[in-house]
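Top to bottom, those sequences are chains A and B. Residue numbers for the first sequence follow my numbering, beginning at 1 and rising by one. Residue numbers for the second sequence follow my numbering, beginning at 1 and rising by one.
Check before you lean on any hint, since a few could be wrong.
Put simply, identical chains are the same to the list, so a pair is met inside one copy or across any two.
Stated by the list, open to error - Listed below are the simulated SDA-like cross-link pairs for lysine to any residue, each with C-alpha atoms no more than 20 Å apart in a straight line:
no., residue 1, residue 2
1, K351, I317
2, K44, I317
3, K132, K157
4, K93, K212
5, K20, N30
Everything labelled a hint here was simulated from the structure, so no lab data went into it.
Residues per chain are reported as follows:
There are 2 protein chains.
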Amino acid sequence: MSKKHNFSAGPCILPQEVLKQASKAVLNFNNDDLSLIEISHRSKPFVEVMDNAIALVKELLEVPTAYSVLFLQGGASLEFLMVPFNLLRKGGKSAYTNTGTWAKKAIAEAKSMGEVEILGDSSDKNYNYIPKGYKIPTDVDYFHCTSNNTIYGTQMKDFPHCPTLMVCDMSSDIFSRKIDVSKFDLIYAGAQKNMGPAGTTLVIVKDEILGKTGRNIPTMLDYNTHISKGSMFNTPPVFPIYVSMLTLQWLKELGGVEAIEKINQEKADLLYGEIDRNPLFEGAANKDDRSNMNVTFLLTDESKEEQFNKMWNNAGINGLKGHRSVGGYRASMYNALPLESVQVLVDVMKKLEVN
Amino acid sequence: MSKKHNFSAGPCILPQEVLKQASKAVLNFNNDDLSLIEISHRSKPFVEVMDNAIALVKELLEVPTAYSVLFLQGGASLEFLMVPFNLLRKGGKSAYTNTGTWAKKAIAEAKSMGEVEILGDSSDKNYNYIPKGYKIPTDVDYFHCTSNNTIYGTQMKDFPHCPTLMVCDMSSDIFSRKIDVSKFDLIYAGAQKNMGPAGTTLVIVKDEILGKTGRNIPTMLDYNTHISKGSMFNTPPVFPIYVSMLTLQWLKELGGVEAIEKINQEKADLLYGEIDRNPLFEGAANKDDRSNMNVTFLLTDESKEEQFNKMWNNAGINGLKGHRSVGGYRASMYNALPLESVQVLVDVMKKLEVN
Chain A
1 MSKKHNFSAG
11 PCILPQEVLK
21 QASKAVLNFN
31 NDDLSLIEIS
41 HRSKPFVEVM
51 DNAIALVKEL
61 LEVPTAYSVL
71 FLQGGASLEF
81 LMVPFNLLRK
91 GGKSAYTNTG
101 TWAKKAIAEA
111 KSMGEVEILG
121 DSSDKNYNYI
131 PKGYKIPTDV
141 DYFHCTSNNT
151 IYGTQMKDFP
161 HCPTLMVCDM
171 SSDIFSRKID
181 VSKFDLIYAG
191 AQKNMGPAGT
201 TLVIVKDEIL
211 GKTGRNIPTM
221 LDYNTHISKG
231 SMFNTPPVFP
241 IYVSMLTLQW
251 LKELGGVEAI
261 EKINQEKADL
271 LYGEIDRNPL
281 FEGAANKDDR
291 SNMNVTFLLT
301 DESKEEQFNK
311 MWNNAGINGL
321 KGHRSVGGYR
331 ASMYNALPLE
341 SVQVLVDVMK
351 KLEVN
Chain B
1 MSKKHNFSAG
11 PCILPQEVLK
21 QASKAVLNFN
31 NDDLSLIEIS
41 HRSKPFVEVM
51 DNAIALVKEL
61 LEVPTAYSVL
71 FLQGGASLEF
81 LMVPFNLLRK
91 GGKSAYTNTG
101 TWAKKAIAEA
111 KSMGEVEILG
121 DSSDKNYNYI
131 PKGYKIPTDV
141 DYFHCTSNNT
151 IYGTQMKDFP
161 HCPTLMVCDM
171 SSDIFSRKID
181 VSKFDLIYAG
191 AQKNMGPAGT
201 TLVIVKDEIL
211 GKTGRNIPTM
221 LDYNTHISKG
231 SMFNTPPVFP
241 IYVSMLTLQW
251 LKELGGVEAI
261 EKINQEKADL
271 LYGEIDRNPL
281 FEGAANKDDR
291 SNMNVTFLLT
301 DESKEEQFNK
311 MWNNAGINGL
321 KGHRSVGGYR
331 ASMYNALPLE
341 SVQVLVDVMK
351 KLEVN
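So here's chain A without its partners, still in its complex pose:
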C-alpha cells in the first residue's frame, strides 16, 4: 500500500482503490482465472471495459452526442501531428498560443505542415502567465491552446470566443474541473495525470469536422479510422485503458467532476494560501493564472534549501522537485491527491518558518 504523499507531475498518483483493483486484475480478471493482460482485446470482458470507459468519459464530461470518444496511443505528442493532419487544409493556416514547452512542440509540428499564426506568447517571461486579449482570426482552419501548463504551473481560467474550430490539449487538467465540451471541436489528453497510467491518449472529437482537408491522411493518423473501429483498429493498450476506466469509475462514485473541482479548489486554496502567507516562499506563476493542478513555488531564502528538502522528504513527500526550466518546487495536486497530503506539505512549510 502506498503511504507516500505523491506530488509527482506525471505519471502521478492514482486512487489506492484503483491500484488495488488493477493489481488484482493482473492476476485474475473478472474471476475468469485469466489475467487482464493475457486475454484477447476482442473478448467480451475487454470489450465491456472499452465500452464502459467511453461511457464514463461521456457521462463525466457531459459530451454531446455529436462527438466521438477515442482511446489512442502515442501520447499528446502524437496528437500534435494528428491535429494538423486531420484539420489543416492543404495550403491552410492555423493559430496557436505559445504557453509552454508542450505548446511549443505542438506548434513545431503544425509548422512542418503549414503556416502557423502565434496569437499569444508568454515565452518572454518564462511562461509564467497566460496570454490574453488576442483575437482569433476567422481565416484559420483551427485555433489550438493548452489548458494547463504542467511545467510552469499556469492554467487557462477562461477560453476565448473562437470563430473557427477550437482544439485544446487538456493533458494535465482534464476531469479536474467542469468544462463545456460543446465549446470545443477537439480535445485531447494523455492519460497519465487525472485519468490513468501512461500509455493511452483520450481524444474527444466532433465528428462533422473531420474529412474536410483534402489531404491524404495515413491510416493510423486518421481519426476516422479509429472512430469507425471504436478504438479497436489495432490492438489497444489494454491495461492503461482498464485502469483509466477504474479511475473514472472512482471519480463518478466521488460525485463526478463537480465534486472533485470543489476538492481541487480547497487543495489549491490551502497551498497557495501558505505560499502567499509564508515569507520563506513565493509563487512562480502570475497570480491570476495559477494552476490548480501544478503549483510552482520558490524559496525566498536559498540557504534554507537543504533543510526544506530534508524536512519534506522525512514527511514522506515524493516528487516535489521543480522542473529544471523553473527551478524551485512543484506540487502537482491531481485528482487522486488527498487534501491531507497538501496539509502535510503546508505543515512542513510552516515548520520551516519557525525553525
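Please arrange chain B on chain A, whose structure you already have, making use of the hints.
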C-alpha cells in the same frame, strides 16, 4: 492464479511468475511504497527498467552494436507507416511480400507513399503458404516481409538473400527462435505475443540506414527522435515496458532463445503430429510453411464441431476458435504456453476420435 490453458492469439499468455511480479508492482514497486504506475518515468527506478529491458533485448537476440533498440507506441500498425517515412526515398520504390492480413495493411500504407512491387503473394490460396523463389530487385529502397502470419498459421523458415535493406515484421514470432539480426536492417514487433502486454512496440534498427530519404519526417514518426532520447522523447508506456522486461528476464533465466526454440519445437511437433495422425483433423497451412506459433487446423467431419467445442472448453482450454478468415481452430502456442497445455489439447483430440 491462472489455471486455464490459454491458446489466445494475442494479447496472450504470459508467464505466471511475470503476472505475479507485475501485480505486486502495481501496488508497491521496488519497495518504495509507490505504485509502478504513479512514479515519474524519469525517476531512477523506471529508468533502470527501461535500461534493463533494452539490455535484455540486446542480449537475448545478440543485437550487434550498430543497432538501436526502441520501445515505442502504436503497435505494428504505426510501424507500417514509419517504415516508408524513414526508409523510402522521395520518388523511391519498395518491395513487399503479401502473406496475409497484416502484410496487406503494411503494403497499403507503403502504397500511399510511393510505388510498391509485390514480390510474392499467397492470397490466391487464402494465404496458406509462404511465397518463395522471388528475386528482390536491387533498385528498391527496401524489402519488407512478415515472418509469421498469426491468422493463417504460416511462418518463414528462411529469409531470402536481400541486396537492399531488409525490414521484417516479427510481431508474432520474435523471441521464439534464433534469428541473425545482422541479416536485417529493421525489425519491429508489437509486444503482445512473446514479449509482454499490449501497448508497446519493439523496434530494432541499424542506425546508419536512417536519415537518407530526403523526406521531412514528422517528429514522432522519426526513428532518430526516439533513438536520440532513448525511447523517452515523450512519456513511454510504463507498465507494458515493465512487464516486457519481466518477460524477457524470465526467458533469460529459462536459457534464452535457444532453449525456448527447443521447447516451441516440441510443442509444435506434438500438436502437428496429432493433426496429421488423427483422421478427424487436418492442418490449414501448407506443411512446409507451418507456424510453430499459431497452429491452424480444421475438423474433417463438421458434425463433430459441437462435441469438440464442449470437450476443449471443459478441459479448461481458452482461445482456440479460429479467425473468421480461416475458420476451424487456431492454437497459439507462444513462449509462455507450457508443453502440458498442448498435451491437454492433444488428449482432447484423441478422446474425440474414440468417442
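Structure versus earlier hints - violations, ascending order: As far as the earlier hints go, not one is violated by this structure.
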